[in-house]
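Chains as they are written, first to last, in the numbering used here: chain A, -19 to 93; chain B, 4 to 111.
These aren't lab readings, by the way, just hints derived from the structure by calculation.
One or more of the hints may lead you astray.
[Said to hold, decoys possible] One-sided excerpt, in silico: chain A residues whose CB lies under 8 angstroms from chain B:
#1 Gly78
#2 Phe83
#3 Gly87
Predicted model only: the values in this text are computed from it and were never measured.
Here a beta-carbon is modelled for each residue, glycine too, at the ideal position from N, C-alpha and C.
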Amino acid sequence: DSGVTQTPKHLITATGQRVTLRCSPRSGDLSVYWYQQSLDQGLQFLIQYYNGEERAKGNILERFSAQQFPDLHSELNLSSLELGDSALYFCASSLEGGNTEAFFGQGTRLTVV
Amino acid sequence: KNEVEQSPQNLTAQEGEFITINCSYSVGISALHWLQQHPGGGIVSLFMLSSGKKKHGRLIATINIQEKHSSLHITASHPRDSAVYICAVLNTGNQFYFGTGTSLTVIP
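Work the whole structure out from these sequences, hints included.
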């Protein structure tokens, strides 16, 4: 158990809908990262938050947004969903930045139909 | 061209063999991570390196910053080591880039 909790584990939704994925980091970790893993693209970095503020942005679509709340949990919002958004979405947390060890959640498997 | 290249893509080994997985990158980095992903999909961070060498049990990771290359070694491989191993680098602009992974199968 990594100590990082992601909910829900599975999500099936229709095209055009909006969903919210939730991540609770390990106790004491200030950084949260979001990644997308699809069959054709592999793992891709989406965004990082550190202590409530956006620190780095990767290949995150404009239809996607994220935030980190004062209690350090984070949410990834995906809107106007398309079939190609079907993927595993991972959250990871670390004490500080990417040069500290990261701990991964079990992922949310999103299926858009 | 990918910022991170891994080799081999697929690897099959007999139990007990010494295994090496290679990672080359083209960007300046502040850290390199080795990750393990099991068939169920869960990801575990094995190592975070910024220089030198780290060892954890039967796993050893090395990095050569000048050559922009890292290796992950598994000594005395075991079927439970069967997984996908992914190299990830954090560049100096705080962006993560991932290799496409090496799928390892260890046969008893």
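Now the hints, each set against the structure:
{"no.": "1", "hint": "Gly78", "verdict": "4 angstroms, holds"}
{"no.": "2", "hint": "Phe83", "verdict": "6 angstroms, holds"}
{"no.": "3", "hint": "Gly87", "verdict": "6 angstroms, holds"}
Of the numbered hints stated above, none is contradicted by the structure.
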